[in-house]
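Could you build all of it, start to finish, from the sequences and the hints given here?
Letter 106 of the sequence shown, counting from 1, is numbered 106 in UniProt numbering, and no numbers are missing.
A portion of the hints provided could be inaccurate.
To be verified - Derived lysine-lysine pairs resembling DSS-like cross-links, with alpha carbons at most 25 Å apart:
{"no.": "1", "residue 1": "K110", "residue 2": "K100"}
{"no.": "2", "residue 1": "K127", "residue 2": "K46"}
{"no.": "3", "residue 1": "K92", "residue 2": "K110"}
{"no.": "4", "residue 1": "K37", "residue 2": "K156"}
{"no.": "5", "residue 1": "K74", "residue 2": "K163"}
{"no.": "6", "residue 1": "K59", "residue 2": "K46"}
{"no.": "7", "residue 1": "K127", "residue 2": "K110"}
{"no.": "8", "residue 1": "K52", "residue 2": "K127"}
What the hints assert, rightly or not - Per label pair, the in silico range of CB-to-CB distance:
{"no.": "9", "residue 1": "G15", "residue 2": "N103", "range": "16 to 22 Å"}
{"no.": "10", "residue 1": "N12", "residue 2": "P44", "range": "50 to 56 Å"}
{"no.": "11", "residue 1": "G86", "residue 2": "K127", "range": "32 to 38 Å"}
{"no.": "12", "residue 1": "K163", "residue 2": "Q71", "range": "39 to 45 Å"}
{"no.": "13", "residue 1": "K127", "residue 2": "N12", "range": "29 to 35 Å"}
{"no.": "14", "residue 1": "K46", "residue 2": "K92", "range": "52 to 58 Å"}
{"no.": "15", "residue 1": "A93", "residue 2": "A57", "range": "41 to 47 Å"}
{"no.": "16", "residue 1": "A146", "residue 2": "N70", "range": "29 to 35 Å"}
In short, the hints are calculated from the structure, not lab data. Note that the structure is predicted; figures quoted are calculated from it, not measured. Backbone N, C-alpha and C define an ideal beta-carbon position, used for all residues, glycine too.
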Amino acid sequence: MVSQNISAIGDNYLGVYENVVAVYTDFYQAFSDILSKMGTWLAPGKDGNTVKLNVDALKSEIRSLVNKYNQVTKNTILFPSQTGSGVTTATKAEAEQWIKELNLPGSCLKASGSGYVVLVDTGPLNKMVSDLNGIGSGSALELDNAKYQAWQAGFKAQEENLKNDITDSDAKI
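Pasting the structure below:
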C-alpha cells in the first residue's frame, strides 16, 4: 500500500515535469521561429555605423507569442497536465504549490472555470517588448552601433532566461 502511494506520487510528479518540458519546448520553438526572422528585420544603416531594425515587426511577433501563451488552452498549461477533452484545472493551493516548485512568478497562476492552472512565464518576452518600446518604433528604426549592441545584450539576457526555464524543468526530471 505504501509503495503504491509512493509510486503514484512519483508518477504524478514526473508527469507534471514531462508536461512542463513539453509546453516550454513548444514555447521556445515558437520563440526560435521569431529569432529566425531577425535577419529580415535588420539592415545596415546609411553610413556603416548604424543598424536599421524593424521594431514594429519584432514587437508584433513577440506580442502574438505572449498573447498565445497567456490564453488558457490545453497547449499552454504547465499544470495540471492536460488529458482528454476540455481543460483540466486544479485547486488554487495545488497550482500555487507548483508555481513554487517551478520557481515561477505569481502571474503564471490563472483562474479557469472553477479551478486554477499554471501558465508559461511570459515575463522575459514582456521585458523584450518593454525594451523595444524604450528604443523607439518604426519599420526601419536607425540605431547607432552602441545603442543597438546595448539593446541586443538585454534581448539576449531575456532569451537566456527563457532557456533557463526549460533547462531547470528538464533537470528536475
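These are the hints, each one checked on the structure:
1. Of the pairs offered as hints, the one joining K110 and K100 holds, with about 14 Å between alpha carbons and a cut-off of 25 Å not exceeded.
2. Annotation: proposed proximity of K127 to K46 is violated, straight-line Cα distance about 29 Å (limit 25 Å).
3. A C-alpha spacing of about 9 Å is found between K92 and K110, which places the hinted pair at or below 25 Å, so the restraint holds.
4. With a C-alpha separation of about 15 Å, the suggested pairing of K37 with K156 holds against the 25 Å cut-off.
5. Restraint check for K74 and K163: the C-alpha separation of about 22 Å stays at or below 25 Å, so the hint holds.
6. Restraint check: the Cα-Cα separation between K59 and K46 comes to about 23 Å, which is no more than 25 Å; the hinted pair holds.
7. Of the pairs offered as hints, the one joining K127 and K110 holds, with about 20 Å between alpha carbons and a cut-off of 25 Å not exceeded.
8. Distance hint between K52 and K127 is fulfilled; the C-alpha atoms sit about 21 Å from each other, no more than 25 Å.
9. The given range of 16 to 22 Å is respected by G15 and N103, whose C-beta atoms sit roughly 19 Å from each other.
10. For N12 and P44, the Cβ-Cβ distance of about 54 Å falls inside the hinted range of 50 to 56 Å, so the restraint holds.
11. For G86 and K127, the hinted distance range of 32 to 38 Å is satisfied, since their beta carbons lie about 33 Å from each other.
12. At about 23 Å, the beta-carbon gap between K163 and Q71 misses the expected band of 39 to 45 Å.
13. For K127 and N12, the Cβ-Cβ distance of about 33 Å falls inside the hinted range of 29 to 35 Å, so the restraint holds.
14. Taken as a hint, the range 52 to 58 Å holds for the pair K46 and K92, whose Cβ atoms sit roughly 56 Å apart.
15. Look at A93 against A57: about 42 Å separates their beta carbons, and that is inside 41 to 47 Å.
16. At roughly 34 Å, the beta carbons of A146 and N70 sit within the given window of 29 to 35 Å.
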